[in-house]
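Undergrad: Chains as they are written, first to last, in numbering that gives the first Met the number 0: chain A, 0 to 116; chain B, 0 to 116.
Note that these hints are calculated values from the structure, not bench results.
Please note: incorrect hints may appear among the correct ones.
The list treats identical chains as interchangeable, and a pair is accepted whether it falls inside one copy or across any two copies.
Once the Cα atoms are required to be at most 20 angstroms apart in a straight line, the calculated SDA-like pairs of lysine to any residue come out as [what the hints assert, rightly or not]:
#1 48 - 11
#2 48 - 7
#3 48 - 68
#4 48 - 33
#5 48 - 14
#6 48 - 63
#7 48 - 73
There are 2 protein chains.
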Amino acid sequence: MSAENRLNRVFAALADPTRRDIVARLADGDATVGELAVPHDMTVQAVSKHVHVLEQAGLVSRSRDAQRRPCHLEAEVFDLMTAWIERYRRQAEERFRRLDAVLERMDETTEQEGTAS
Amino acid sequence: MSAENRLNRVFAALADPTRRDIVARLADGDATVGELAVPHDMTVQAVSKHVHVLEQAGLVSRSRDAQRRPCHLEAEVFDLMTAWIERYRRQAEERFRRLDAVLERMDETTEQEGTAS
DNA sequence: CAGTTGTACAACCGTTAGGTTGTTGGTATC
DNA sequence: GATACCAACAACCTAACGGTTGTACAACTG
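Turn these sequences into a full structure, and let the hints steer you where they fit.
TA: Put into structure tokens, the structure is as follows:
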């Protein structure tokens, strides 16, 4: 799957508060769908769907323990997001830095009007 | 607006590749809706909707320049996401660290007791 | 074996999201 | 004032999402 597609799924997965709750719970330890469903006011099936979304996003993996299928958080996927975010945050900050420098120069020579876009 | 709601909107906003493209473009400098629409194979109205979503998420602000309304990237909102992500990444890593310690202790105990089965 | 538990699958339903077209509103420019 | 331009608003369509119910299957338990 492309990085573009992975980003789509990861961001979309974390856009839902129920799924963020599930991630938060799994950060504290593995859990089954049934256990994950307890604190949520919805059916186990609905939680199962949410887990499936997290699985498709690569944020959760499942194993097999008899009839149980514990969910496990794959925290490395977070790196994909932070990498994307940091890239453009830095780019924006770099731009601000340059813009500040320009404005400073304009202050020094207060005779021309700016053309900064 | 609650932090929960802000997170919903920010993650959902960045789940769309068109909107991530817009953010990437704006990291390089402010732009109008018309300019943002050029590289995208869709109508200006559609791009306008995407910008509106980014605006609601707090990722973009607009100003007024005659009949133009330039879009400006508000990169500080990224902090909200990175804070959430880092929190649970660290929690998961801490859990792994403790688990590793437990497993190490179990290895030591096994060696001491010899446990010939 | 029967019964219970944990989970998955399928069908359905109401709401939202992403896109279109058409129309309207400000703001230059002629 | 007439015209052209940028952008917003409204209505509409289709597809996807988040939830439900019902059924089914596999594995433990009695």
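Undergrad: Decide, hint by hint, whether the structure agrees.
TA: These are the hints, each one checked on the structure:
Taking the shortest Cα distances, residue 48 and residue 11 sit within 20 angstroms of each other both inside one copy (14 angstroms) and across copies (18 angstroms). Taking identical chains as interchangeable, the C-alpha atoms of residue 48 and residue 7 lie at most 20 angstroms apart whether they share a chain (18 angstroms) or sit on different chains (18 angstroms). Taking the closest pair of Cα atoms, residue 48 and residue 68 come within 20 angstroms of each other only inside a single copy of the chain (14 angstroms); across copies the shortest separation is 41 angstroms, beyond that limit. Proximity of residue 48 and residue 33 under a CA criterion of 20 angstroms is satisfied intra-copy only: 12 angstroms inside one chain copy versus 39 angstroms between copies.
Taking the shortest alpha-carbon separations for residue 48 and residue 14, both the intra-copy value of 15 angstroms and the inter-copy value of 18 angstroms come in at or below 20 angstroms. With identical chains, the CA atoms of residue 48 and residue 63 are at most 20 angstroms apart within one copy only, with a shortest distance of 18 angstroms there and 44 angstroms across copies. Taking CA atoms no more than 20 angstroms apart as the test, residue 48 paired with residue 73 passes inside one copy only; the shortest distance there is 18 angstroms, against 34 angstroms between copies.
This entry satisfies every hint, going by the numbered hints stated previously.
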